[in-house]
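**Student:** These are the residues of each chain, in order.
Protein chains: 2
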Amino acid sequence: MAKHLSNLQIDSARLWGAIHDTAQFGATPKGGVRRLTLGAEDKRVRDWFRAACEAAGCEVHIDALGTMYAIRRGRDMTKAPIGLGSHLDTQPTGGKYDGILGTLAALEVVRTLNDAGIETDAPLCVINWTNEEGSRFAPAMMASAAYAGDYTTADILGRTDAEGISVGQALDAIGYRGTEPVGQIKLGSFVELHIEQGPILEAEGKTIGVVDHGQGIIWYDGKITGFASHAGATPMPLRRDALATLSEVVLAVETIAREHGPNAVGTVGEAVIDNPSRNVIPGDIAFTMEFRSPDGGTLDALDRALRPAIAEIAARRKVAIDLDMIWRKEPTHFDPRMIAAVQSASDALGYSSRRITSGAGHDACNMATVMPTAMIFVPCKDGISHNEIEDATQADCTAGANVLLHTVLSLAGVAG
Amino acid sequence: MAKHLSNLQIDSARLWGAIHDTAQFGATPKGGVRRLTLGAEDKRVRDWFRAACEAAGCEVHIDALGTMYAIRRGRDMTKAPIGLGSHLDTQPTGGKYDGILGTLAALEVVRTLNDAGIETDAPLCVINWTNEEGSRFAPAMMASAAYAGDYTTADILGRTDAEGISVGQALDAIGYRGTEPVGQIKLGSFVELHIEQGPILEAEGKTIGVVDHGQGIIWYDGKITGFASHAGATPMPLRRDALATLSEVVLAVETIAREHGPNAVGTVGEAVIDNPSRNVIPGDIAFTMEFRSPDGGTLDALDRALRPAIAEIAARRKVAIDLDMIWRKEPTHFDPRMIAAVQSASDALGYSSRRITSGAGHDACNMATVMPTAMIFVPCKDGISHNEIEDATQADCTAGANVLLHTVLSLAGVAG
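These protein sequence lines map, in sequence, to chains A and B. Following my numbering, the numbering of the first sequence begins with 266 at its first residue and continues without gaps. Following my numbering, the numbering of the second sequence begins with 266 at its first residue and continues without gaps.
If you are wondering where the hints come from, they were derived from the structure by calculation, not from laboratory data. Worth double-checking, as some hints may not be accurate.
Mimicking DSS-like on lysine-lysine, the simulated pairs with C-alpha atoms at most 30 angstroms apart in a straight line are [what the hints assert, rightly or not]:
#1 K308/B to K583/A
#2 K488/B to K295/A
#3 K488/B to K308/B
#4 K295/A to K583/B
#5 K488/A to K488/B
#6 K646/A to K583/B
#7 K583/A to K451/B
#8 K646/B to K594/B
#9 K295/B to K488/A
#10 K308/B to K488/A
#11 K308/B to K646/B
#12 K308/B to K295/B
#13 K451/A to K344/A
#14 K488/B to K646/A
Chain B regions said to be covered by chain A (calculated; three or more residues, Cβ under 8 angstroms) [unchecked claim]:
#15 528-538
#16 548-561
In this text, a Cβ means the ideal position worked out from N, Cα and C, and glycines have one as well.
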């Protein structure tokens, strides 16, 4: 990289302006954003994004699943473009940063290079992936998954929302069903900037998270069958209490996750008592449970530790505990050279940083299965996301965009 | 009691027939009864009951709250009548025995005495209390509570159901608003036969429960305020998990109840996670909790043991646990001479028996505050009640009615 580039920084005010200008598309009274994928508000932000990319000299391609690829030409157009971006759709009561920061920071990288008159060797490709959130259509991250070959385009086009509208119909309705086959644009690598969605960077006072792994996940559906009986008339030793059973399960999950730490986590997120009443001992409970770890062997070990713990609780309490593993996703191992590129960019810019595991799924996790991929995290307030009060500082967003800029420059190369 | 009475038994087939004949009033497809107080089905069973009592030679009085008192004359009408009975209303998906056994067994006692030509010294008063269940109008056991002076008649008449219909309007609608002031019929004592609604008699193979106490109750409303965050991105040590907190609370309640056993019980019956999601750590949970004990001092001790346990859990997990004691009902101590009368009757009839605490509330618990009162329990299948599958054997129901017969004979006296 040319020496004079080492201090190049993005335009913080312009990035911040883009984030807050586009937050009007689906703005909620509490300061968040409701911009469900392929809805009217998504069309508005897509139109804004296409216009901005074209104004920045890019050629915007749209694939059959509506994913937007804005190509900034490089010196050597035989080289595969370096992909950078994220997504502009949100949760039903989402925030202003999840996905949006990474997409608009990618746009800001192009604008910064334009202002500085810098041509990269390889072309760049700013990407807005369709339906990362998965709150209107399942699965989440469907467009990047299709790009990675996990689903056919036809399969995804046929998926329907709660009103029975298919992805294909929704794309047509907003005019974003593109003509290019999914995966036609062959990227050389992909870099995604994102808010952490967890509390670690903030708790440790670090500015940049250099993401080395994405957690693998096991999802379970559970059911406890005890015996509902009168809370006053049933002595303690004769009870088969489903809620007391669940309580032991929850604490066992917590203990097992801690024993496989520091990166393993285990959570019981949902639990519903059947026909609850103040004076009836809970008889039946349905619950959901998950384990996550950045290591596949640890995922196995978590499941192995869980089974006998559950069996012991069920036998001792004379209840049935049914546990159904409904999904397993293997951990993501990000490319070591890509991790090093992010680390170097952060170090060169003088930011504090730490290696970090992504607890959430991202489009980058799909891309990592088919090309060298990196992720950059910046702190978010109190670790909150998927919430209207999701927040991040301008300084941290700017730092993340600068790391994205220099990571991409090192990957794309600049004629010296 | 005259010697020739000692082997007197009720007519088992007639009792069983009455139970199953009246079960048609509100019969449910699953074999239960839906007979909400003061509704159309309740009118039908009341009409049947009045006709049956009058056919048995009784004079039926109805008070201002619709409670039915069928007087069988005694030799000495200056003596206060001996009350016996229960209630004919049911839960929305109730069974054929709860309340009904006690009321129809009281009728059967009169029929048996008629057949045998036996005149008691004191008159008898067969009672059907209005709204024991409390599922249409609150509070439960309202008519006997008003009889005992806990509420004014006007207060109860003004209580409304979910449709806004008042007790007074409902009484008028079925023609059961009586002219007699509540409490005008001064009983000398009261005896109530009831299914146990718990598993103890069945588990121990006993036929008769001689009830010595009714449990006192403390009800709490609880709320846990933790912090909802991403299940994948929040490390175990940084969590403030409301469900893991609740789990410790549930197990603490269980442990505390056991430590104050054998008659103390503690239950968390309801728990609702706010905005639950499979991959979100539960942030807020509302729950309800209760303790019961037949001893007032033990109730105090249960509450005293709970407070520091809750405080320790909240402090350690950095969450708030709010606990609001919303109701306290003191234990019922049944009259020792009445308990002895039931025990003697059971022994004389050769039934196996044990002393037992009533875990549920009953009209008899209200009566016990104003007159000598006794309760007789018989087993029910698996301890189940307030359920369409509630079940009891003909043999046990017959045994309970025989104990009722001989208890009442000993209380009323028979000219020798």
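**Student:** Identify every previously stated hint that the structure contradicts and give their numbers, smallest first.
**Tutor:** Hints 1, 3, 7, 10 not satisfied by this model.
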